[in-house]
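Residue numbers (the numbering used here), protein chains in the order written: chain A, 7 to 202; chain B, 7 to 202; chain C, 7 to 202; chain D, 7 to 202.
FYI, nobody ran anything at the bench for these hints, they're computed from the structure.
Backbone N, C-alpha and C define an ideal beta-carbon position, used for all residues, glycine too.
Treat the hints loosely; a few may be bogus.
[Said to hold, decoys possible] In silico DSSO-like links for lysine-lysine, alpha-carbon gap of 27 Å or less:
1) B:K84 - A:K152
2) B:K152 - C:K84
3) B:K41 - C:K76
4) C:K131 - B:K76
5) B:K135 - A:K84
6) C:K76 - B:K9
7) B:K142 - A:K41
8) C:K131 - D:K152
9) A:K142 - B:K9
10) A:K84 - D:K135
11) B:K142 - C:K104
12) C:K9 - B:K9
13) D:K142 - A:K9
14) C:K76 - D:K152
[Claimed, not checked] A few chain B residues that face chain A, going by a derived Cβ cut-off under 10 Å, partial list only:
15) L12
16) S16
17) A23
18) L47
19) F50
20) V54
21) T98
22) W101
23) A144
24) A146
25) G148
26) T149
In case you want the letters, here they are:
4 protein chains.
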Amino acid sequence: MTKSRLEAFSDGVLAIAITIMVLELRPPEDGYTLKSLLELLPTFLSYVLSFIYVGIYWNNHHHMFHLADKINGAVLWKNLNLLFWLSLFPFTTAWMDKNYTQPLPVAVYGFVLAMAAVAYLILQKELIKAGGPNCKLAQAVGTDSKGKISGVLYLAGISASFIATWISITLYTIVALIWFIPDKRIEKFYADDNEI
Amino acid sequence: MTKSRLEAFSDGVLAIAITIMVLELRPPEDGYTLKSLLELLPTFLSYVLSFIYVGIYWNNHHHMFHLADKINGAVLWKNLNLLFWLSLFPFTTAWMDKNYTQPLPVAVYGFVLAMAAVAYLILQKELIKAGGPNCKLAQAVGTDSKGKISGVLYLAGISASFIATWISITLYTIVALIWFIPDKRIEKFYADDNEI
Amino acid sequence: MTKSRLEAFSDGVLAIAITIMVLELRPPEDGYTLKSLLELLPTFLSYVLSFIYVGIYWNNHHHMFHLADKINGAVLWKNLNLLFWLSLFPFTTAWMDKNYTQPLPVAVYGFVLAMAAVAYLILQKELIKAGGPNCKLAQAVGTDSKGKISGVLYLAGISASFIATWISITLYTIVALIWFIPDKRIEKFYADDNEI
Amino acid sequence: MTKSRLEAFSDGVLAIAITIMVLELRPPEDGYTLKSLLELLPTFLSYVLSFIYVGIYWNNHHHMFHLADKINGAVLWKNLNLLFWLSLFPFTTAWMDKNYTQPLPVAVYGFVLAMAAVAYLILQKELIKAGGPNCKLAQAVGTDSKGKISGVLYLAGISASFIATWISITLYTIVALIWFIPDKRIEKFYADDNEI
């Protein structure tokens, strides 16, 4: 029961993060031509990338709490910490799409992505601590090589922004693709449960 | 339990899509006359059309998941794909209502409507695949003539925008009316269940 | 189960209606004085009135669906109709607070309040029709004298706006107060249930 | 069942309050430099403080309703009263971050914080009244020394804003820290329940 309330509140914040991002996608002021539409392309592509990131977090959050048995006061706060970093996505997305050739906005975008990933890991650790070392979540997570690769790619992306921003954006996109592909370990657990 | 979380998140995004659309309906800057109110008519009518579309998607989504027995990781992503296209409604609505006599904004409005319809069909297919060929949803959907007619009308509407935009808008409205009328097949299933 | 999804979606739209209204309450551009704060008073008071109205609808919606036994496809659409009119509150509130001495914005504010009330009655009727003449909701509603008095006051308020807008605003406030006071009939039903 | 709807609606309003606050955090208009980013620091810090406050209210609201056994019509309205004051956070946050050296905006920020705290106590009292003097919530709340200290600090903060605003902001931050630290009494109750 209480788990469902934490999930509902998180869903609310995530749904709203998507909203604020799409608010950036304003119709061209006086234009109705193909040219004016194409000028929105960087904004549109930034929106797509951030939408996929929020989608990944929503899916993983969903999976993680499905497997979690127990929650406590520390979990609530560590979940709020994750939501805090996710709530900054609209800001960093808007800043980057207007300045996608400038190092700082692209680095800050990557920094917030990385902080959200760290916040996610902290939350996961707290859930495993609450559930005990033999809980379903602990077994499903295992060695977490995806998380380690992501960490390296984020660092590389943030650094690369001071050389060429397209490298950074490519690296951020690769991290999204890595997570987009469903996680065999967790899918296996679902198969055992025979329902998601 | 998990189905309900997917529904809750979708409801959040849909409720927010409505919000952003109504945000376009700004009170006239310095006006308090009937004339200044009537100038908002295109914006108001676009809002009504898009509200009905979101309402249709909410109702059908509701019905579809009511009949769905099983969900999995692929369903989550295909649902997010539908939400992505629905999240673009506020953008295309705002662009069309300011340029309702211009081909491109009206064609783009129809294109996003059509893509949402395609995303809905993809989601439906995945749910039927997850539930098996004899699941309740598979039986309720049947030949899906409504879906086929809508596809033709969307294509006609998008093409017509380059001739006369009022034809396109009429065709989009007709699709809305087709779906507005309750679906006998699905209502029948509810009647059998004796509850919605 | 399905009733809860309808409630959740309605809650989403209502929560968002409150949001958009409070968005109107912008901090004074360059001011930090008492004078600049007091200039926001009409906006603040309009917000308070509309907040109370949304609160009343939320409470009554809550009570009504608590007593409703059955819902069907027609209920979904009639609920969406109510949400449509409630979604216009932010627009009419924003227009009125900028023009609270002008007849049209004040009349339109009252018109949308009245349409929401009508939509509520239509929804209530559909729920009673679905539940049958002896359902709990039918007994709780009874003769509905509150509804009838509100109708008269709304009509008087809309008409009065063309004489003096403060009369209209007073009448709208009186309707809010009438509904604010808890409904003995429905409270009685709760008492019988011994839980809300 | 009904308790969960009240919680869901409250979550919606809280999630949206966070949204509107983060909307204030606009990317710098024409800047992509560190200087332009640092200019956002007061806005960012105000956002962090208000985010923590909303997080505290969400957590405490969560805990309080977890322990509450019965709710009634009066609880619904007293909950709406709390939501009303919380819905003003985005306004007071936006006003303060633009004028953090001016007494009035800083005093008003503290006043709304204090009113939310009062609204919370009123709601808590109503829940205890509904549950009876021996209900779990009544036992968990006890003498409520935290509440009393907060009241004193809010009053001191509001008064101090007319001397030096940094004192006020420090005091508001101290109140947040007091509540941030988990409440032993309530955690104890959870431990007894062996689940949150």
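Evaluation of the provided hints:
1. B:K84 - A:K152: Roughly 23 Å separates the two Cα atoms, so the pair holds.
2. B:K152 - C:K84: 23 Å, holds
3. B:K41 - C:K76: Violated, at about 45 Å.
4. C:K131 - B:K76: Between K131 of chain C and K76 of chain B the Cα gap is close to 35 Å, so the pair fails against 27 Å, i.e. violated.
5. B:K135 - A:K84: 37 Å, violated
6. C:K76 - B:K9: 21 Å, holds
7. B:K142 - A:K41: 48 Å, violated
8. C:K131 - D:K152: 49 Å, violated
9. A:K142 - B:K9: 20 Å, holds
10. A:K84 - D:K135: Violated - the C-alpha atoms of K135 of chain D and K84 of chain A are around 33 Å apart, more than 27 Å.
11. B:K142 - C:K104: 54 Å, violated
12. C:K9 - B:K9: Measuring from Cα to Cα gives roughly 15 Å; hence the hint holds.
13. D:K142 - A:K9: 20 Å, holds
14. C:K76 - D:K152: Roughly 46 Å between the alpha carbons, so the hint for K76 of chain C and K152 of chain D is violated.
15. L12: Constraint on L12 of chain B satisfied, holds at 8 Å.
16. S16: Holds, because the Cβ-Cβ distance from S16 of chain B to chain A comes to roughly 9 Å (cut-off 10 Å).
17. A23: With a minimum Cβ separation of about 8 Å from chain A (threshold 10 Å), the hint on A23 of chain B holds.
18. L47: 18 Å, violated
19. F50: 17 Å, violated
20. V54: 18 Å, violated
21. T98: 8 Å, holds
22. W101: 4 Å, holds
23. A144: 18 Å, violated
24. A146: 21 Å, violated
25. G148: Given a least distance of 26 Å, the restraint on G148 of chain B is violated.
26. T149: 29 Å, violated
In summary, the numbered hints that this structure violates are 3, 4, 5, 7, 8, 10, 11, 14, 18, 19, 20, 23, 24, 25 and 26.
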